[in-house]
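Engineer: Can you make the complete structure from the sequences, with help from the hints?
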Amino acid sequence: MGHYLRKRLLAAIPTLFGITVLIFLAMRVLPGDPVSFIFTEAQGVQVLNEEQKSQARAKLGLDRPYHEQYLGWIGGVLRGDLGESFWRGEKTAALIARRGPITAQIALMAVALSWLIGLPVGILSAVRRNSWLDYLSRTTVTFFLAVPSFLIGLTVVLVGVLVFNWRPPLTIAYPWTDPLTNLQITIGPALALGVGLAAVVARFTRSSCLEVLNEDYVRTARAKGVVERRVILKHVFRNALLPVITVSGLALGGLLGGSVAVERAFGVPGLGLALTFALAERDWNVIQNLVLLYGVIVTAVNLAVDLSYSWFDPRIRYQ
Amino acid sequence: MARSTELRSLGQDLTSGRLSRREFLRRAAALGLTASSVAALLAACGGSAAPASTPAAATGASTAVPAAAATKAPVSNPAAATGGATFMKAPEPNPKRGGTVKTAFGVTVGHYDFHQGGGGPLVQAFDNLVTLNYTDGLETIVPELAESWEISADKQTYTFKVRDGVKFHDGTPFGAEDVVATFSRIIFPPPGIASLFQENFAAVEKVELIDRLTMRFVLKYAWPPFLAALTPVNMVIYSKKTLEQNGNDLRKVIAPGTGAFVYKEYKTAERWIFERNPNYWNPELPYVDRLEMLHVPAWTDRGTAVLTGQADFSWNVSMETHQEAEKRKDSVATRVLPHFGAAYHVAINNQRKPFSDPRVRRAIHLAVSRQNLIGAFAKQEFITMDRWVSHANKYALPLEDIQKLPGYRADKKEDIAEAKRLLAEAGHPDGFEAELMSADVAPHAQIMAPAFQDQLRRTLNIRTTIKVLERSLLTNALSQGEYDMQLGTSYGSDIPDPELMWTRALRTGASQNWSKYANPKFDQLLDQLKTEADEEARQRLVREGMQLLDDDPPFYLMGFADHLPMWRKPVHGIVANWRHTHWGRMPTVWLDQ
Chain C
1 MGHYLRKRLL
11 AAIPTLFGIT
21 VLIFLAMRVL
31 PGDPVSFIFT
41 EAQGVQVLNE
51 EQKSQARAKL
61 GLDRPYHEQY
71 LGWIGGVLRG
81 DLGESFWRGE
91 KTAALIARRG
101 PITAQIALMA
111 VALSWLIGLP
121 VGILSAVRRN
131 SWLDYLSRTT
141 VTFFLAVPSF
151 LIGLTVVLVG
161 VLVFNWRPPL
171 TIAYPWTDPL
181 TNLQITIGPA
191 LALGVGLAAV
201 VARFTRSSCL
211 EVLNEDYVRT
221 ARAKGVVERR
231 VILKHVFRNA
241 LLPVITVSGL
251 ALGGLLGGSV
261 AVERAFGVPG
271 LGLALTFALA
281 ERDWNVIQNL
291 VLLYGVIVTA
301 VNLAVDLSYS
311 WFDPRIRYQ
Chain E
1 MARSTELRSL
11 GQDLTSGRLS
21 RREFLRRAAA
31 LGLTASSVAA
41 LLAACGGSAA
51 PASTPAAATG
61 ASTAVPAAAA
71 TKAPVSNPAA
81 ATGGATFMKA
91 PEPNPKRGGT
101 VKTAFGVTVG
111 HYDFHQGGGG
121 PLVQAFDNLV
131 TLNYTDGLET
141 IVPELAESWE
151 ISADKQTYTF
161 KVRDGVKFHD
171 GTPFGAEDVV
181 ATFSRIIFPP
191 PGIASLFQEN
201 FAAVEKVELI
211 DRLTMRFVLK
221 YAWPPFLAAL
231 TPVNMVIYSK
241 KTLEQNGNDL
251 RKVIAPGTGA
261 FVYKEYKTAE
271 RWIFERNPNY
281 WNPELPYVDR
291 LEMLHVPAWT
301 DRGTAVLTGQ
311 ADFSWNVSME
321 THQEAEKRKD
331 SVATRVLPHF
341 GAAYHVAINN
351 QRKPFSDPRV
361 RRAIHLAVSR
371 QNLIGAFAKQ
381 EFITMDRWVS
391 HANKYALPLE
401 DIQKLPGYRA
411 DKKEDIAEAK
421 RLLAEAGHPD
431 GFEAELMSAD
441 VAPHAQIMAP
451 AFQDQLRRTL
461 NIRTTIKVLE
471 RSLLTNALSQ
481 GEYDMQLGTS
491 YGSDIPDPEL
501 MWTRALRTGA
511 SQNWSKYANP
521 KFDQLLDQLK
531 TEADEEARQR
541 LVREGMQLLD
551 DDPPFYLMGF
561 ADHLPMWRKP
571 VHGIVANWRH
581 THWGRMPTVW
591 LDQ
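In the order they appear, the protein sequences are chains C and E.
FYI, our numbering numbers position 60 of the first sequence as 60, with every residue one higher than the one before it.
FYI, our numbering numbers position 242 of the second sequence as 242, with every residue one higher than the one before it.
Source of the hints: derived by calculation from the structure; they are not laboratory data.
Predicted, not measured: the structure shown is a model, and the values here were computed from it.
Fair warning: there could be bad hints in the mix.
[Unchecked claim] Calculated lysine-lysine pairs in the BS3-like style (CA-CA distance at most 30 Å, straight line):
#	chain 1	residue 1	chain 2	residue 2
1	C	LYS53	E	LYS220
2	C	LYS59	E	LYS264
3	C	LYS59	E	LYS220
4	E	LYS220	E	LYS252
5	E	LYS252	C	LYS53
Structural biologist: So, in structure tokens, the structure goes:
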């Protein structure tokens, strides 16, 4: 296991290196000038002459050769210094530390919700195959697969405002400082994301369970007189879980980076919104570091998912 | 109070065209207005010299000149003559103290230096040299950090006496040298400083320190709007010490101000927190203990935030939430405020063929129906048809008069015939092809741009392809002249005087003349307007200017947008006259709870 872990960690290095190069070049190759954003007036129309623009670029270090800019950035990252926003001087690490927990909490709650809803629905649907319960769950699942999560989010907000005169708070509150406000902020986005993900989980659980239900060892267990509940939970469910873990892991990796649409719908100041603003402002330093962070998160979650396989299925051994 | 608010609102609605004259008269009668009062209000709405008065005009500042400062600027102001001190207060009587006001605002703050284009909500921590008067609905200009001023007989020297005993929030004493340092950086920026307002002060020859509490501006020529140019909320006074300590560049520095509120905390794109300045030089202000300014980018979210009590106030909410507020009048209040800074228009590249031919631009000006475009956009944003200046401007022609003019009238039959004739004369009887750029925001790209495209095709057979771009790219294309036509909102000014806006946007070679417009007759008119102090003559020149622009249009103008502020009923002290707003500043805000 230790050897496997080392190999995977080493393999992650070129992946992350590739991400840094791609995002660094993308920022500089794609059209759009950061200097246009810093000195703006009247709806973003710049009034700088060329000399002023050159001076502004020099102050931001954007007049240096690309390789110097890149090495400067990576050197800082390796030293634990993620640099700061081009414009406001705010440390990128501070931004991540402040917004990351809310985004992570929403992601974890969404995945947890998806399991709470999706697993029982998927199992029931498989066990009661072609019954009215199966048809109902399949119809519901298809509906939630089709409806985008931001639409669910908007509906939740609209109903809140128009019917209950309520909308989620617009500030950041952490579970350890103000749990009630924190719950009000996070429950909506978690629900909007979790319901859609639950549909995916239910679908994977159902098809996976159906496959396992036909396995010999399930028939054997039933022939031995094992209680049906135990057959389903111990023999079927555990063995059907691997694809569900894979899909949940992938979803978690994506959600930890922040769902822009849902954060926007609820006005949650998470990492997704931070990236949106950074993109709009061409705040290259923030964008580069956030994308690198997503790369690290996705790599780490994938590794964790792979490692978890051996726990769920003892036949899997990593060399 | 309520009746006065209703009256102002009626006046607004009439001017913006949302209310017919008949309906206006009916409602005014319902409010119990006499015929003479109605006539006075109509005159004010029609752009005559009579200003829209506010109910609180009796209180507050004693030193004042008209906000437009176009005429009869006093040689010395009343306060200087009487020695009376001027302290701003809330426009309403008996304001209460205490509490926290939460606002929802949408502006992303790029950096912290006001004079290089940043700052935003940080304005709460600062004062200007002079300001608009909160007690008379922002109609006059009164001292703020200035105590008084004198204007020389030739109107080329403005000498300011500043307040003694004022301190910046870091404890540094304030003096005239801070005013000199601030305006020297704006008007004569050192290398590396991009002064966005330098052009506003092109008339200033020098800024001089006389003594610890006295300084003066010496102008190259008498320029009537000078005092008005000092009033926008971003004309804040920095301390000389802070400027020197930071090499004149405050983009990454939250500098100390002298304002009613002290900066406490800022979380990027989340919220600003300000607390009452216990040592504020004005003993009357501020009333509230704390301001929390929540960054809420979507205007629907801002509206729902106020509707549900998450925020107490927002300067601009969405149309739907504004309409929802109409049903909840017991808990929230709303207004419709003209916005000087953003006019919907289609910039036309005057240097590219065939748009370099004035006949082609005039044909577009005549043929495309403003009524249709504004109607198509009505569910997104209020736009009022304007003729080269905002409808809130006192120089604006009344809407009913504008609607009779070629190009602006609803019946397009004659206009389209004339437009076709002009286009044929210019050598394009069968139209031509061009590109129309639009920002990648849905209302622009999916409503306004296609509506404009459709009208061009149907009326003049000008066939356009719409190119949707992210706003930064659009800006680059505009400033570099790499476009045919571009839908935008960059025509406007934060100073309600057409001369400055026209000089920056329409004078040959001006910094924001994105259409590359060149009209020697118009330039001559601007030269006259620049120094003309007589109000009637100024009105006449502005009208002449409008006619010149109609005859040789630089671009296609639809009209200026209106903002939709919304606030909870307990909030008072935010002054928003229909002609002026002090966008963002809230030193006089108070809560009735």
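Engineer: Given the hinted pair LYS220 of chain E and LYS252 of chain E, is their Cα-Cα distance within 30 Å?
Structural biologist: Distance ~34 Å between LYS220 of chain E and LYS252 of chain E Cα, so the pair is violated.
Engineer: Quickly compare the C-alpha distance for LYS53 of chain C and LYS220 of chain E to 30 Å and report which way the hint goes.
Structural biologist: holds (29 Å)
Engineer: Does LYS220 of chain E sit within 30 Å of LYS59 of chain C, going by the straight-line distance between their CA atoms?
Structural biologist: violated (34 Å)
Engineer: Straight-line Cα separation of LYS252 of chain E and LYS53 of chain C no greater than 30 Å?
Structural biologist: holds (17 Å)
Engineer: Need the status of pair LYS59 of chain C, LYS264 of chain E: alpha-carbon distance at most 30 Å?
Structural biologist: At roughly 28 Å apart (the allowed maximum being 30 Å), LYS264 of chain E and LYS59 of chain C satisfy the hint.
Consistency note: the structure conflicts with the earlier hints numbered 3, 4.
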